[in-house]
Amino acid sequence: MQAMAAMGLRAVRSAARELARAFDRPDLVEVIGDGTYTNAERDAEADIRNSLQHTYPDHGFGAGSGAEFTWWIKAVEGSANFARNLPHFAVVVVCLQKGRPQHAVVVDPMRDEEFVGSRGGGCRMNGTQLLRVSGRAHLREAMVGLRTFRPGLNAALEDADCQIRRSGSAALDLAYVAAGRLDAAVLAGANAAAVAAGSLLIAEAGGLVSDFEGGSADPASGAAVAGTRGVFRELLPLARKSYG
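Sequential numbering of the sequence shown, starting at 1, is according to this note's numbering.
To be clear, the hints were calculated from the coordinates, so they are not data collected in a lab. Among the hints, erroneous ones may be present.
Pair ranges (Cβ atoms, derived) [what the hints assert, rightly or not]:
hint	residue 1	residue 2	range
1	88	43	19 to 27 Å
2	240	158	29 to 37 Å
3	221	181	20 to 28 Å
4	135	57	42 to 50 Å
Only a predicted model underlies this, so the values are computations on that prediction, with no experimental measurement involved. Backbone N, C-alpha and C define an ideal beta-carbon position, used for all residues, glycine too.
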C-alpha cells in the first residue's frame, strides 16, 4: 500500500470506529440541519481532517483548495441511512493531485470492510484481497446499483431483465462494482468524494467509468456510469437517454 493511501486509511479507521459506536447509541446522535447531517458526522470529519493535516500540513482540503495535493472527505456517505439507523454507509477519503484522484479509501464501519486503491497500484479489500470487477458481460445477467429512481431508466433495465438495487450509499455501490458484487452502477446527485474514490477503485479493478456522455466522469457533477466493460457498453446508452 502506498504511503499516502496508508495515511488516509489510518485517519479513516479511527473515525470509522467512533461512527460504529455512535451507531450503536442512537440516543446520542443529534440530527443537524436538513435531517441527514449529524453531530457524529461533523465530529468524524473533523477528526479525519485533523489527522491528515497533522501529517500533511501543506496539503489542501475541499474542492476550493489551490494546493497540489488536496483531500476530499465525506465522513458519512449514506448519511440518510445513518440518521435513520440503517447500517449501510461508508467513510470516504480521496487524495487528488492537481485535480486527479490518486488514492481512494472507502471504509464500511458496520462490516469492517476497507476498500483502498491507488492510481497504477491496483485496489484491495482489507489489505489482502485484490479486487477485480465481475466477469459478467451483458445487462441481462447483471445486477445494477442505482442512486435515484428514474422511470425511463428503471423501465429499460427491467426490460433488459437485469436486477436493480438501491442501497443509499453511492460509495459502497461503486466499491461493490470494483469488488464484483455489483456489475454496474448509475449515479446522479452523488457526493463528489464518493464519485472520485469509487471511480478510481473501479478503474484499478478493470472496469469502466464515465459521465452520461461517455467522457471522463467529473466528480463535482455527482454523475457517473460504471461497470464491467461489457455491461458498461450496454448501460451507457440507456443512462444517456434517461439523463441526457
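Now for the hints, and whether the structure bears them out:
For the pair residue 88 and residue 43, the beta carbons lie near 20 Å from each other, so the given range of 19 to 27 Å is met. At about 18 Å, the CB distance of residue 240 to residue 158 disagrees with the hint of 29 to 37 Å. For the pair residue 221 and residue 181, the supplied restraint of 20 to 28 Å holds, since their beta-carbon distance comes to about 25 Å. At roughly 45 Å, the beta-carbon separation of residue 135 and residue 57 lies within the given 42 to 50 Å, and the hint holds.
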